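Trainee: Residue strings, one per chain:
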Amino acid sequence: MMSEHHGHHVASAKQLWGIGIALLILTVLTVTVAGLGLPSPFDILMAMTIALTKAFLVAAFFMGLYWDTKFNSMLLIGALAFFILMVSITLLDTLYRDDVVPSF
Amino acid sequence: MANHSATHPKHVHHHFVDSNQQFESAKLGMWVFLVNEILFFGGLFCAYIVFRAWYPELFTQAALELNTFWGAVNTVVLIGSSLTVAMAIRSAQNNQKRGLEINLLITILLACVFLVIKYFEYEHKLHLGIAPGSFWNPTPEIAAVLDHPKANIFFGIYYMMTAVHGLHVIIGIVLMVWLYLRARKGHFNSEYYTPVEITGLYWHLVDLIWIFLFPLLYLIE
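Same order as they appear, the protein sequences are chains P and F.
In terms of numbering that gives the first Met the number 0, the first sequence is residues 0 to 103.
In terms of numbering that gives the first Met the number 0, the second sequence is residues 0 to 220.
Rather than coming from a laboratory, the hints here were simulated on the basis of the structure.
Zero decoy hints are in this set.
Computed list of lysine to any residue pairs in SDA-like fashion (alpha-carbon distance at most 20 Å, straight line):
1) P/K13 x F/G98
2) P/K69 x P/F81
3) F/K96 x F/V176
4) P/K69 x F/F32
5) F/K96 x P/H7
6) P/K69 x F/I37
7) P/K69 x F/G28
8) F/K96 x P/A12
9) P/K69 x F/Q21
10) F/K149 x F/Q60
As the structure is a prediction and not an experimental result, all values here were calculated from the model.
Chain P on its own, in the form it takes in the complex (with noise of 0.2 Å):
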């Protein structure tokens, strides 16, 4: 059990310097990928997968769900299911209308 005061994870100066160039990187490659104009539907994915892997970054890393209570990952886990959830039901009627709305 760590101490009363000083329970809190201090990240390393090199960690947080680590991050933050992984995510420079991630930046250089998701431009250059977009650069190369991947056919549909890779071309979003790739971007996507790339998108995801920097929240994934800042999220454990520089927000400290890494070291944190499993409690706060999990609210942030339930914010993307209710989002997901929230997409998916909208997209039921979007995807299947026959016609668009006119003045949309």
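Here the structure of chain P is known, so what remains is to put chain F in place on it, guided by the hints.
Mentor: For chain F alone, kept in the frame of chain P given last:
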């Protein structure tokens, strides 16, 4: 019931068991707020997905009007500011008052750079009549290359998402200035740096949203 103030550090409120419980509660509260933020932006991402599924060709056409270079620069700027916020928290945890102040100042500076770049992007587009919704009034040159009847819808989504994100950046700057002023007064140390920690969480979320906005808006030509 002995004298509480004799056993508790000054910053611990009466209704918390100890400093750590108070810190964890504040962080939990911030995470609940971030859940709300994710679902708030989620509504906008949902609109994006629905319209992109309806008009895929519109999105690839219209994205050509967005400047990938400046979008990428702003991505790097925000990642840099996330790093300095993380370093600011680390400084507070190590009782480095000067490091905390400097990292907060760099974060404020980077956030301002982001907004200045965004301002020039908006200004350039509005000058060409690339405006959202019913304000859509493109110059003949733009109308020639972007003749999609729903072009105004794409820019409605673009302006809404980036402006709401920009508003979060402005709020973040205000919070960072507040943190900087408190840091100068020596309010934060390894025992108590809760405001730095939870503002940091907020700032990282602003970065996270941009991590998705950048490829979805700028990188789809």
